[in-house]
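Below are the chains, spelled out letter by letter.
4 protein chains.
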Amino acid sequence: MKAGFIGLGNMGQAMARNLIKAGHELTVYNRTRSRAHELAGEGAVVAASVAEACAPGVVMTMLADDIAVEEATFGKERILGALPAGGVHVSCSTISIALARRLAESHIHRGQEFVAAPVFGRPLAAAVAKLVVVAAGPSGALERCRPLFEAIGYQLFVLGSEAAAATALKLGGNFLIASMLEALGEAFALMRKSGVSPAQFLEIVNGLLFKSPVYENYGKIVLEEKFQPAGFTMRLGLKDVRLILAAGEGAGVPLPLASLIRDHLISGIARGHGELDWSAVSKLIAADAGL
Amino acid sequence: MKAGFIGLGNMGQAMARNLIKAGHELTVYNRTRSRAHELAGEGAVVAASVAEACAPGVVMTMLADDIAVEEATFGKERILGALPAGGVHVSCSTISIALARRLAESHIHRGQEFVAAPVFGRPLAAAVAKLVVVAAGPSGALERCRPLFEAIGYQLFVLGSEAAAATALKLGGNFLIASMLEALGEAFALMRKSGVSPAQFLEIVNGLLFKSPVYENYGKIVLEEKFQPAGFTMRLGLKDVRLILAAGEGAGVPLPLASLIRDHLISGIARGHGELDWSAVSKLIAADAGL
Amino acid sequence: MKAGFIGLGNMGQAMARNLIKAGHELTVYNRTRSRAHELAGEGAVVAASVAEACAPGVVMTMLADDIAVEEATFGKERILGALPAGGVHVSCSTISIALARRLAESHIHRGQEFVAAPVFGRPLAAAVAKLVVVAAGPSGALERCRPLFEAIGYQLFVLGSEAAAATALKLGGNFLIASMLEALGEAFALMRKSGVSPAQFLEIVNGLLFKSPVYENYGKIVLEEKFQPAGFTMRLGLKDVRLILAAGEGAGVPLPLASLIRDHLISGIARGHGELDWSAVSKLIAADAGL
Amino acid sequence: MKAGFIGLGNMGQAMARNLIKAGHELTVYNRTRSRAHELAGEGAVVAASVAEACAPGVVMTMLADDIAVEEATFGKERILGALPAGGVHVSCSTISIALARRLAESHIHRGQEFVAAPVFGRPLAAAVAKLVVVAAGPSGALERCRPLFEAIGYQLFVLGSEAAAATALKLGGNFLIASMLEALGEAFALMRKSGVSPAQFLEIVNGLLFKSPVYENYGKIVLEEKFQPAGFTMRLGLKDVRLILAAGEGAGVPLPLASLIRDHLISGIARGHGELDWSAVSKLIAADAGL
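Residue numbers (numbering that gives the first Met the number 0), protein chains in the order written: chain A, 0 to 290; chain B, 0 to 290; chain C, 0 to 290; chain D, 0 to 290.
Keep in mind that a hint or two might mislead.
Any copy will do: because identical chains look the same in the list, a pair fits if it lies in one copy or spans two.
As the list claims (entries may be wrong) - Quick list of in silico lysine-lysine cross-link-like pairs, PhoX-like style, CA-CA up to 25 Å:
#1 K238 x K1
#2 K192 x K238
#3 K282 x K219
#4 K282 x K192
#5 K282 x K75
#6 K238 x K20
#7 K75 x K210
#8 K129 x K210
#9 K238 x K282
#10 K1 x K210
#11 K75 x K129
No wet-lab data here; the hints were simulated from the structure.
For clarity, every value in this text was computed on a predicted model and none was experimentally measured.
With the hints as constraints, model all of the structure from the sequences given.
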């Protein structure tokens with residue numbers, strides 16, 4: 000099908016590539032134009048503006064943060080103005096619950112539809128179309144976009160008609176991952192200073208108990224200190240934890256573990272590790288233990 | 000083989016029963032005698048004292064805490080005095096690293112051997128011989144006890160000759176579980192107040208990402224609020240977290256996440272939930288969110 | 000002197016009243032008009048709009064939060080547009096560092112001057128002109144406003160030309176007060192459950208050691224549970240802690256104690272105490288201890 | 000009056016010296032004998048054993064921790080055995096609530112009396128007899144010891160007949176001081192990275208608001224980084240925070256702020272700062288902020 004795609008960062012470019020491979024006719028737009036041109040050779044049409052990318056009537060956005068999504072949507076000649084009536088805006092970015100609600104309302108107001116479809120997975124998973132897509136929005140719009148979701152992910156979960164619910168679920172999932180990173184970091188530091196090899200600890204505790212590929216993959220990154228290239232930087236991690244805490248504050252839920260993670264991420268960035276993978280919180284925890 | 004078994008609580012009795020079923024000739028001792036007599040009908044010899052339970056030359060202890068293990072070991076006519084030279088003391092209790100070291104030294108001093116063999120698993124797993132056993136100690140002693148480990152668990156991991164390492168690993172593993180409970184509790188509260196069903200959240204996030212039976216099992220306990228009968232009470236949870244923090248303090252490792260869990264467990268007990276399963280920290284977290 | 004005054008809440012009205020008493024010719028504006036009319040009888044001119052309140056060339060704002068200050072300043076026919084060239088905007092509200100910087104830049108751009116003059120003190124102190132004023136901004140503007148500061152406070156501290164510095168100092172001071180409330184709350188709970196009267200504890204520890212009127216005053220409020228009428232509500236407290244944490248995040252400073260206070264305030268509001276004085280965090284802490 | 004004095008560390012020696020100056024006939028004992036001999040020239044009798052120091056019928060102890068007090072009291076030929084019937088043991092050390100209770104019971108059992116009389120103040124204050132003494136115990140014993148308290152402190156507060164109450168109050172007071180150090184450390188880091196001089200911040204916030212000599216003194220130590228010689232080392236600070244947390248756990252009071260301080264002190268010691276003054280937590284906090 001025909002679709003626009005805005006935002007060609009690490010994740011976005013991989014997703015766009017898979018959409019093209021799956022046979023979709025993609026019109027791509029990126030502020031830094033060169034990243035769009037890379038896809039031209041693979042069959043994408045390069046749009047000169049956000050508005051052009053909206054012409055196909057369905058436009059998918061994969062942008063860095065709330066501000067980027069707001070700029071693409073609300074300004075002059077942006078998505079809200081350029082998308083035809085009946086068109087669909089599919090936002091795959093991890094954004095705030097407040098913005099998800101505002102987008103849903105604004106698009107309805109314009110006779111358009113809004114789908115929140117945040118994705119779980121790191122760039123490597125995006126590259127091989129192995130993302131998990133959690134989508135929520137009007138059912139007709141969800142059905143219309145299903146071929147797009149199938150092209151970028153291997154699993155799709157449809158959550159209901161309230162777009163913000165998909166956003167909340169994504170934030171909650173990221174919170175569980177961040178919590179695991181904090182826990183692994185503290186446990187590894189304790190093992191190292193107690194004479195137990197962290198690798199053996201992970202092998203036993205995950206191998207026999209948790210049996211979780213997420214623990215295994217992130218555990219290995221931490222053990223091998225493969226924090227670069229980052230799958231998801233500390234800086235982006237802090238952004239997500241900020242959204243989680245804002246969601247908690249908005250809903251009246253104290254999240255002390257999220258607060259703790261936030262403090263570690265701020266410290267990591269302050270100490271110059273902002274571009275490392277967010278699993279490098281383990282480095283800070285080790286440093287705090289004098290390692 | 001012949002062996003003594005001291006400590007017939009929820010876990011201990013299930014383990015002793017499986018040892019008998021596997022054909023071992025067990026001499027059992029428990030301070031509250033009635034629990035020992037229950038096993039007499041299944042073939043166990045009931046010892047009148049700790050010393051009698053040491054006569055077989057191998058004695059396994061499964062006791063509540065450091066104090067109970069110290070009392071069984073160090074007092075007059077206790078394990079240290081009653082175990083024959085060349086005998087083995089196998090401690091399955093979760094104890095402090097400091098005590099594990101002291102036990103190892105004390106037994107060596109007496110010409111005996113000490114094996115730390117803490118187990119992962121709740122009473123239900125103990126009942127069906129599905130514990131994970133992590134053992135460390137002198138290699139000869141480990142080999143000698145292997146048939147016992149096979150009778151109580153379905154997986155055995157031998158960690159090396161330093162008994163305290165098995166204790167540290169067990170504490171680290173319990174810390175990861177406690178961290179997961181804290182994270183799930185906070186995430187569920189956030190989902191509930193954000194209009195997402197926690198059950199659906201768990202299904203998606205664990206089903207598609209973590210894929211961990213530990214998340215699934217504990218997640219269900221929390222969702223169904225099946226905190227009684229407790230697999231592992233808040234009170235015991237607090238004991239373990241205290242041991243984890245003491246290990247951290249001893250080794251010079253700050254463990255802020257463990258501190259946070261400790262505060263929640265103290266609060267839970269102070270509010271009268273000490274006998275609920277430790278996954279009931281989720282109740283406190285929900286209460287803190289006004290739920 | 001002639002001045003405008005915008006924002007007649009608990010604090011603002013007391014401050015405006017003292018400005019009038021000191022002989023200043025005040026033009027007052029408040030969104031809810033009735034609060035302005037109360038001052039008309041005392042000699043104030045009631046403005047029909049924000050713009051009218053700017054006519055005197057110096058306008059003081061005492062508003063609830065960033066959003067209120069932004070609305071009063073940036074919209075159409077607001078302060079930025081209505082204040083004459085060479086005019087001064089004095090902001091007494093506790094706002095974010097980011098907004099203080101933006102206000103300073105925006106006013107300079109318009110040929111106006113911006114002074115940040117946050118105040119320390121609760122409504123009772125405002126009523127008797129006993130506020131502490133910390134002001135920063137261009138030196139000429141500071142001199143010009145000095146008579147106004149003298150009318151509302153008994154102590155003035157001039158911090159330099161960078162308006163945001165006064166904001167940072169105010170946030171830091173509020174953080175110290177909030178920290179004291181958290182510490183007192185925890186200490187009182189411990190004393191109560193250890194058989195020591197919190198009143199005696201406060202008398203001794205503050206009387207002999209801290210010797211601080213802030214400890215004494217807040218300590219008494221907590222001991223007597225005089226949380227209503229609130230000098231400063233939990234809801235406002237949470238706003239300030241949010242600003243403190245945002246300042247920390249912006250500057251790269253983890254503030255774990257501020258995070259802890261934030262979690263307690265969110266919980267307090269979620270449990271229905273949002274309109275109590277923020278010293279009521281002690282209530283939550285006591286509840287967490289089962290009191 | 001005649002009295003024994005056991006424990007001549009930094010604090011103890013200064014206190015003993017003031018007792019001698021005030022005319023008391025002191026028999027002093029210290030494990031490292033040389034420190035006792037320094038006092039011989041000033042008029043003290045040097046005891047060869049703990050038992051000898053108990054002969055006068057009143058013995059004051061100022062020892063490092065629970066273990067040192069237990070060793071001096073409970074072993075063979077120690078205080079409990081050597082003190083005459085009707086004798087008084089005055090413990091000035093900061094000990095656990097559990098130990099204070101055990102000491103009170105043990106001495107009653109022997110027909111002796113126990114007074115807990117912990118002191119507030121650093122070695123410099125001890126040297127000039129400016130300690131604050133908080134005493135609790137049987138009223139007769141308290142009266143008997145009053146001349147001793149007057150010789151070491153400028154203020155005495157008698158708390159009642161329950162010795163453990165004095166201990167709890169002392170722990171609560173130290174907790175407030177530690178909380179202040181944490182708060183100042185975080186605030187100073189925020190000020191430094193926000194362009195406000197921490198010295199000016201302290202001058203204004205303490206000068207106009209808190210007006211507390213404790214804030215001023217400790218604030219100066221932190222600003223001038225005079226962490227050596229330590230008035231009270233991080234290592235001792237950690238010991239006290241451990242006692243505070245144990246008191247909280249024993250009484251069922253979560254103390255998240257104390258947990259936070261504990262983590263910072265463990266980190267400080269792990270990073271090699273164990274012998275610095277405990278106000279050096281500010282160094283860690285600054286390092287966490289990349290300073």
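Hints, one by one, checked against the model:
1. K238 x K1: neither (32 Å within a copy, 46 Å between copies)
2. K192 x K238: For K192 and K238, only the inter-copy Cα distance (21 Å) is at most 25 Å; the intra-copy one is 32 Å.
3. K282 x K219: Only inside one copy: K282 and K219 sit 14 Å apart there, 33 Å across copies, limit 25 Å.
4. K282 x K192: both (14 Å within a copy, 23 Å between copies)
5. K282 x K75: Answer is neither: 44 Å inside a copy and 48 Å across each miss the 25 Å cutoff.
6. K238 x K20: neither (31 Å within a copy, 49 Å between copies)
7. K75 x K210: Close neither inside one copy (50 Å) nor across copies (45 Å); limit 25 Å.
8. K129 x K210: both (20 Å within a copy, 15 Å between copies)
9. K238 x K282: within (19 Å within a copy, 27 Å between copies)
10. K1 x K210: Neither. Shortest intra-copy (41 Å) and inter-copy (35 Å) distances fail the 25 Å Cα cut-off.
11. K75 x K129: neither (35 Å within a copy, 49 Å between copies)
Hint compliance for this structure: hints 1, 5, 6, 7, 10 and 11 are not met, and every other hint is.
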